[in-house]
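Engineer: Whole structure, please, built from the sequences with the hints as guidance.
Residue numbers (our numbering), protein chains in the order written: chain X, 15 to 425; chain C, 15 to 425; chain E, 15 to 425; chain R, 15 to 425.
Worth double-checking, as some hints may not be accurate.
Note: identical chains are not told apart, hence a pair may lie in one copy or across any two.
Only pairs whose alpha carbons sit at most 30 angstroms apart, straight line, appear in this in silico DSS-like list of lysine-lysine [what the hints assert, rightly or not]:
| id | residue 1 | residue 2 |
| --- | --- | --- |
| 1 | LYS278 | LYS53 |
| 2 | LYS101 | LYS269 |
| 3 | LYS275 | LYS165 |
| 4 | LYS129 | LYS46 |
| 5 | LYS191 | LYS282 |
These are computed hints drawn from the structure, not numbers from a lab.
Here the structure is a predicted model, which is why all the values come from computation and not from measurement.
Protein chains: 4
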Amino acid sequence: MENKISEDELLKKIISNEIPLYQIEKYVDPNKAVEIRRKAIATITNNQFTNINISSIDYSQIYNKNAENVIGIITIPMGIVGPIKIKSKYINNDIFVPLATTEGALIAGVNRGAKAINLSGGAKVVTINDEMSRAPVFTFDSIEDVDRFLKWLPEHEKGIKEAAESTTAHGKLEGFKATVSGNNVFLRFRYYTGDAMGMNMATVASEAASNYIEENFEGAKLIAVSGNMCADKKPANINSLEGRGKTIVAEALIKDEVLEKMFKANKKNIHNLNYIKNWIGSARAGSMTHFNAHFANIVTAIFLATGQDVAQVVESSGGYTITQERENGLYISVTLPSLEVGTVGGGTTLPTQKEALSIMGVVGAGQPEGSNSVKLGEIIASTVLAGELNLLAALAGRELGKAHQKLGRNK
Amino acid sequence: MENKISEDELLKKIISNEIPLYQIEKYVDPNKAVEIRRKAIATITNNQFTNINISSIDYSQIYNKNAENVIGIITIPMGIVGPIKIKSKYINNDIFVPLATTEGALIAGVNRGAKAINLSGGAKVVTINDEMSRAPVFTFDSIEDVDRFLKWLPEHEKGIKEAAESTTAHGKLEGFKATVSGNNVFLRFRYYTGDAMGMNMATVASEAASNYIEENFEGAKLIAVSGNMCADKKPANINSLEGRGKTIVAEALIKDEVLEKMFKANKKNIHNLNYIKNWIGSARAGSMTHFNAHFANIVTAIFLATGQDVAQVVESSGGYTITQERENGLYISVTLPSLEVGTVGGGTTLPTQKEALSIMGVVGAGQPEGSNSVKLGEIIASTVLAGELNLLAALAGRELGKAHQKLGRNK
Amino acid sequence: MENKISEDELLKKIISNEIPLYQIEKYVDPNKAVEIRRKAIATITNNQFTNINISSIDYSQIYNKNAENVIGIITIPMGIVGPIKIKSKYINNDIFVPLATTEGALIAGVNRGAKAINLSGGAKVVTINDEMSRAPVFTFDSIEDVDRFLKWLPEHEKGIKEAAESTTAHGKLEGFKATVSGNNVFLRFRYYTGDAMGMNMATVASEAASNYIEENFEGAKLIAVSGNMCADKKPANINSLEGRGKTIVAEALIKDEVLEKMFKANKKNIHNLNYIKNWIGSARAGSMTHFNAHFANIVTAIFLATGQDVAQVVESSGGYTITQERENGLYISVTLPSLEVGTVGGGTTLPTQKEALSIMGVVGAGQPEGSNSVKLGEIIASTVLAGELNLLAALAGRELGKAHQKLGRNK
Amino acid sequence: MENKISEDELLKKIISNEIPLYQIEKYVDPNKAVEIRRKAIATITNNQFTNINISSIDYSQIYNKNAENVIGIITIPMGIVGPIKIKSKYINNDIFVPLATTEGALIAGVNRGAKAINLSGGAKVVTINDEMSRAPVFTFDSIEDVDRFLKWLPEHEKGIKEAAESTTAHGKLEGFKATVSGNNVFLRFRYYTGDAMGMNMATVASEAASNYIEENFEGAKLIAVSGNMCADKKPANINSLEGRGKTIVAEALIKDEVLEKMFKANKKNIHNLNYIKNWIGSARAGSMTHFNAHFANIVTAIFLATGQDVAQVVESSGGYTITQERENGLYISVTLPSLEVGTVGGGTTLPTQKEALSIMGVVGAGQPEGSNSVKLGEIIASTVLAGELNLLAALAGRELGKAHQKLGRNK
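Structural biologist: Here it is as structure tokens:
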């Protein structure tokens, strides 16, 4: 820490730009630094802050970890959905799910879907895949070098794996795949990362693997540790095809009488609506990976509540809502190919987010390792199922109602 | 409100499920309801909550507006980037930008990009388009009806417009476009919605327009007021082609010496990296609308800080980073075709979010109307530009550095 | 023509590379040139050609028009499908359709689909749009210039239109639309081109329009007359959304008894198969514009037979197969958003292709102008409908049959 | 063959629809049948055919193999490009390439590109992958069955492989991959198919494998042997990521002086044009797999000449054109991820197509097996490279020329 200076003087020097905003922590402790920085911004921008200062956060816990140049916090209301009856490998229980959102009617609607699922026997969930990816890109002088490199790679799998895993206690390199574009090779590394979402782990490991490659293959030049085939925080067909984070499927068979009673809808018009809206509509829009009604709403709200990396909603909200008319009701499933979640690291350790995780019993590392993040993923998938069911059934019920009215009018 | 009942009794009945969670507001005022509901969930899930209860929110202000079944809040740290020197139609100023995030190094990195932009003369921004869309889908018995409908539509533009605009004081129906898929017609309505992000406005107006159509065109049956060609909270080529929310371009010409001094990089290797990573990599991944490095990080952080609908990050983070080697430096631009933002409504009125908006001087409706949301969009685009520049230059500098080291080693 | 030289000497000089292959027409007439060039290639590559020489083509008719450096022809078998009963604005008739293909079982299968359609009352067809597009791209120094340009454009629509239309007797510029990417602007021009497919017409007109723009807007630099947003010979969401060539929908209501008798299938399993294969399967594959079973087979075969630009099959084969279970049968439609066809120009004037067109009564310009190419498009759409119906019903019938067998076995 | 009947009577009965068109071969030999069918169509449609009858085809050779209901042939002019200097694993030679097309200027342009390549030292080509895929889709009652199935699959790889390979002498099942969508599983089988394009082989083998699965896994129901994740005759990101047919890269380093002399262009403006047109333009159009200028033109023309399945141009024309400014010239590469070609089977045995193959020395099976189809693929890739180079350089030269003129004018 720099030599002592009074708070007032510090504030003045910040306002006059003699000391940059991001250096306040050099002079005072992080909590004080946040306060002074907030004051400085208030003065400079001619504002008064009476809300962004109110929180339970101890800034010394997050400094240089979750945020820099902090001036306070924002708060988002958090509500409860459920409980939802869920059955999976690790869950056989009724779970309450916290959703943080500012979008009115979302929680109420998802709650309604959850009720319909419960009345029909609950949701079944299966986790199919669990991996995090990072894809460095290398460049070469000529495709002849690329050709040699493609042959070299499988012969050096062990060295690459050792280099990658030397950086992590929990991560395992599950494999990698090369995509060639002219004289460039994208290597998509896939890691098992336990209860962590794993992006940082995958990045650090991939840097080590890339160094190994550059050092051992003459002519390979790393362009970037992320070559955008990862694909992080972008919608991408590759995430749908290969999976990223958790690949999860959830299903329920909703009874005819539940549809009728709760939504005034029937399986035939819900299925028809799903086909036209979520499949034909998404196809025509060029949505490519999002053949669903509003996965994003639910995924975002739980990501916010539980301290996930919210920017990953972009691909985590991708997925497919499939319906079928069955003899005894409406079959509905949601498939989420790339749901990126963790219960350790990132924002999961922040005070309020940790409490949200505790509602579902998935704070920190699971027993066995990795099971907590899988559980969280499966709870999200079940809640997404509830959200889809509710929206589709509500729309179908409304249109059916309107059609009946019109019919009445025309008599 | 229901007849009186003691708090203790209420709590018991909730825990025993005699009174559903979402009905507490029938018995007590919203602030008390949140407290009781939180207690109930704590008891049921065997938890203690000491953090999600701390906030400045008056729940009577958000009840039935932003969230239901509320039990408390989550808090997210908010830091400051900038100021960034921005020049556009409405801005000619140095702006501080609040980012709420839990991802370490993000704020510091963007701040670095902002500095490089400032040292090179600042960012220029242009807003090209400003519209919100909603796309109902109608079904018909036969394509002969569809054919008649397509001819009927332009003849009834006035009636449709009147029906839509009858529901809103601020919204204007700018036009609509039909997409035919067999016997189904998707109508994408486009609205000008002033300083509001406008999704709700567009939905209500489109419902009215849809009713008008159903009532006046025999044989048109509304399937859903959203037929997924909107396309809300989904990545979609249509949003890139037609625009949704604001379509904004920001650019800067970064001086050679700034690149060298701040990043140890040069324009040639940054341009090469951008081409291989953001264009070839994104293309190969099937990212389709996201030819950029990490728009999503910056968009998410500002959306969180300012009370935007965070689920809309999915398409708001779409866009294109374009670089060119110019004689006197690196030309870099970012194009955001579908940035959905507002300064009124939604989460923008929450206490902390409002203070975040106040930092940038864009609280509530602008003068002239609509200018505040445009300003916010342009500030976001400028900050995205800073984020892209920083990441690309940092990666380029690192690889260049490594190449030099290697060169040194090989001597 | 160059000074006389004997055929033998000419052949020798070609083989010894003294005279390049493409200059033979300088010495002899086109038909003789083809013969000599063929001999030269036979000699150089040590082959004998006894088949590529047999044709009715007069090479003087196609020299410098359809091909260069010609050595002969290839032949492709052509069969007949139908007749198909078609009803549209210009057609109310039973039409035989020629298909040129080397893929066994294709013609027989489509023929079967046509029969099923006829037995159910025929196909209805509607043409929704008819335009050809070309999209030059311009670059500018700064987005400030782009901003000015976007305002300049609508003010100079008349000048642009006049420039474009000055190059063509038949083409009409219907409109244009700008897409901004940083400092680059793509202008997608849309033309009505009558009975011509219109790509050449659109290119020449767009060059003239581009010249006008460069000359009248200081700072606009044309990069290429095709900026790939046209999008010619590439699959592209823009072609699906905006249409290219003809946008056509065809439908039929197939009677239950026809499905049962001809395919041993029923509407329920055909609809289910269509949903899973053509919608879920195509979505997961990232097919984006091709939610169908095999449009490409039928489109290719008719394009070959009728002298269309076969490379345009890429986008002309895009489209959507939609099924519904109706009370009295299976509703099936095909939507082809970008079917690029013509009856004048290109390969349509070649001897065999012209005879293929004559089978359908669509040789040359129609009465009224443009009607022949529309008719051809509608016939193709109807044949595509037959092809889709046949393949889906055959697959459904086969699986149903297998299921029944299995059921029998398990008894 | 049916009992004797005179030709005249046969013709009458066909015209009167007593004998269907497709049954003529029951009464007379295939060559006669074609003649009679042609006469019948001529009479019914009131036409005279003097061209579609002229060919060297013996219809008894193609009957029930390449086409049905045949009435004659169509002819397409075939020209010659090259020779192109090619270096790859199997080729080190100057190759003449036959192109069948009706699009004027195509052959001449590609020829020019070939010359530029030759003057710069020739093209290098590498084949990275060689597989054909077919993807059946199975449905299950519940995702619990799907979960069991995913575990069952790797345990029964041997049985599945044996079943698949029992149907083919040449094909090898290289592997398969499951994609789950709710209660449906798509299995993408990958085969090595030697010199055959292999689609039929893959289909027959996948049917056998599917039967094995249905018989051995209780609850698996085959929906269709093609579930559209193959993805055959459709553009699809999966084909780009996984490869289909041959995955081939070709490159050349074009000398500065060649660019200057032949095209009046330089590497800087060609690279800039390629970036803006083929990358930014294709991205904005939503082309997804086609980041190139006109692969489709060249691929189509060689497919036609050599008897390939022309409908497969849809995905075979996908690919990426990458340029770089290098010290001594323009580096240019083309990457074709899914080029589907064969030298045995399909249309390759037709008389004229066989002669086209003979020009390149790739008739029938290669030595070693598979090498002929690889050679053909590499020749196509080299020709595509020539086509891209020519078009980009010509466009760049033209615009440069125009810019110079304008500069002159402005003086």
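Engineer: Next step is simple, just say for each hint if it's right about the structure.
Structural biologist: Evaluated hints:
For a Cα distance limit of 30 angstroms, the shortest separation of LYS278 from LYS53 qualifies neither inside one copy, at 55 angstroms, nor across copies, at 34 angstroms. When the C-alpha separation of LYS101 and LYS269 is checked against a cutoff of 30 angstroms, the pair qualifies only within one copy, where the shortest distance is 18 angstroms, while the shortest distance between copies is 43 angstroms. Taking the shortest alpha-carbon separations for LYS275 and LYS165, neither the intra-copy value of 63 angstroms nor the inter-copy value of 39 angstroms comes in at or below 30 angstroms. Taking the shortest Cα distances, LYS129 and LYS46 sit within 30 angstroms of each other only across copies (25 angstroms), while inside one copy they are farther apart (47 angstroms).
In the homo-oligomer, the alpha carbons of LYS191 and LYS282 lie at most 30 angstroms apart only across protomers (29 angstroms), although the nearest pairing inside one protomer, at 43 angstroms, exceeds that limit.
Hints 1, 3 from the earlier list are contradicted by this structure; the remaining hints agree with it.
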